[in-house]
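Protein chains in written order, with the working numbering: chain B, 1 to 164; chain U, 1001 to 1164.
Note that these hints are calculated values from the structure, not bench results. None of these values were measured; they are calculated from a predicted model. All C-beta atoms, glycine included, are put in the ideal place defined by N, C-alpha and C. Any given hint could turn out to be false.
[Said to hold, decoys possible] Computed list of lysine-lysine pairs in PhoX-like fashion (alpha-carbon distance at most 20 Å, straight line):
| # | chain 1 | residue 1 | chain 2 | residue 2 |
| --- | --- | --- | --- | --- |
| 1 | U | K1038 | B | K135 |
| 2 | U | K1005 | U | K1038 |
| 3 | B | K102 | U | K1131 |
| 4 | U | K1102 | U | K1051 |
| 5 | U | K1135 | B | K5 |
| 6 | B | K135 | U | K1135 |
| 7 | B | K51 | U | K1135 |
[What the hints assert, rightly or not] Derived coverage of chain U by chain B (criterion: at least 3 residues anywhere in the stretch with Cβ under 8 Å from a Cβ of chain B; other residues may be distant):
| # | region |
| --- | --- |
| 8 | 1026-1035 |
| 9 | 1050-1059 |
| 10 | 1096-1108 |
| 11 | 1111-1118 |
| 12 | 1134-1143 |
[Unchecked claim] Just so you have them, the derived chain B footprint on chain U, three or more residues with Cβ under 8 Å:
| # | region |
| --- | --- |
| 13 | 1012-1018 |
| 14 | 1087-1093 |
Protein chains: 2
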Amino acid sequence: MMKYKSFDHMDCSLAQTLDVIGERWTLLILRDIFFGVKRFSQFEKSLDIAKNILAVRLNRLVDEGILLKQSSNEGSHPEYKLTDKGLDLQPILLSMTHWGDKHKPNSKGQRLIFVENRTGQPIRTMSVVSKEGKKLNPREVKATLGPGLSDTWPFEPTICQSDF
Amino acid sequence: MMKYKSFDHMDCSLAQTLDVIGERWTLLILRDIFFGVKRFSQFEKSLDIAKNILAVRLNRLVDEGILLKQSSNEGSHPEYKLTDKGLDLQPILLSMTHWGDKHKPNSKGQRLIFVENRTGQPIRTMSVVSKEGKKLNPREVKATLGPGLSDTWPFEPTICQSDF
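Take the sequences, apply the hints, and build the full model.
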């Protein structure tokens, strides 16, 4: 089994998230479950993934409280289900999907269009939004130190302003 | 060198994105560059990452047009810079950061607070937004097939409605 260096020791919300969902395949497993895949054999078929890798990934997601493993009506085949913590991953998946739509398009057009259930209208492209609800471009945003990061922050505070 | 199975053959915007940025470390490298890190030795120090892994990741990001490698004023130390394609990754990084803020918090409070440059006001938590600008929760969204996915889509169309 491939061993990864854990990012769990890093006091960074992004690294903490990557420690949970940053292994390759994990986001594809989550994509499938958002689309209604529920059983081990269905993931295996949809992803063409080795059993042992799939099992480790699913167990990790259950341990993290992202998936719930429950017996199905038919008994022998457990089903996986997103918890609220798992549902909270949707903005990550959709941000990645929209980036791929834009920068790795299918020549025939958009692959999937995500719409609001109630209206059938396409959702907005994932972007940063100001307090007032305005779309912000990347250069209009900066990081400031919160109470959680004391002197552990490795960058100069001014560097957060970034000059990309 | 660890070899990964490529996701490049998958006609899925999420898999395409993961094929580019889904290797562990890559998003931490991108995080650092968003914070102003520019040089190889700075990434090495900030991330405590092996030289060969860092080099492969940086080269890949340059090849993909996400980073630009340019000579610095002082000559010998090239600097890495985000392109517009790279800047477009910001919603992914911030979605992950906000998930970590909520589900893997620091007990002393928020680590970093991202604000609008102009106003200093915190940005909204990354979420799906309707065409009209309303925050949508995960259950209010569904996928519909676009022109790019013909009969290659492996799921039943209705399954996109998802019953999570």
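Problem set entry | Given coverage of the region 1087-1093 of chain U by chain B, tested with a Cβ cutoff of 8 Å and a minimum of 3 residues | holds (count 7)
For this session: Sort out whether K1135 (chain U) lies within 20 Å of K51 (chain B), counting only the CA atoms.
Result: Violated - the C-alpha atoms of K1135 (chain U) and K51 (chain B) are around 38 Å apart, more than 20 Å.
Problem set entry | 8 Å C-beta test of the region 1111-1118 of chain U against chain B, three or more residues | holds (count 8)
For this session: Quickly compare the C-alpha distance for K1102 (chain U) and K1051 (chain U) to 20 Å and report which way the hint goes.
Result: violated (33 Å)
Exercise. Regarding the pair K135 (chain B) and K1135 (chain U), is the alpha-carbon distance no greater than 20 Å?
Worked result: Judged against 20 Å, a Cα distance of about 13 Å means the pair holds.
Problem set entry | Whether chain B covers the region 1050-1059 of chain U (at least 3 residues having a Cβ closer than 8 Å to its Cβ atoms) | violated (count 0)
Problem set entry | Claimed coverage, the region 1134-1143 of chain U by chain B - three or more beta carbons nearer than 8 Å | Since 8 is at least three, the answer is holds.
Exercise. Would the pair K102 (chain B) and K1131 (chain U) pass a check requiring their Cα atoms to be no farther apart than 20 Å?
Worked result: holds (18 Å)
For this session: Please count how many residues of the region 1026-1035 of chain U have a CB within 8 Å of a CB from chain B and say whether that reaches 3.
Result: With 6 residues close enough to chain B, the hint holds.
For this session: Can you take a look at whether the region 1096-1108 of chain U is actually covered by chain B? Rule is 3+ residues, C-beta closer than 8 Å.
Result: Holds, because 13 residues of the region 1096-1108 of chain U bring their Cβ atoms closer than 8 Å to Cβ atoms of chain B.
Exercise. Regarding the pair K1038 (chain U) and K135 (chain B), is the alpha-carbon distance no greater than 20 Å?
Worked result: It is violated: about 27 Å lies between the C-alpha atoms, which goes past 20 Å.
For this session: For the pair we were handed, K1005 (chain U) and K1038 (chain U), check the Cα-Cα distance against 20 Å.
Result: violated (29 Å)
In summary, the numbered hints that this structure violates are 1, 2, 4, 5, 7 and 9.
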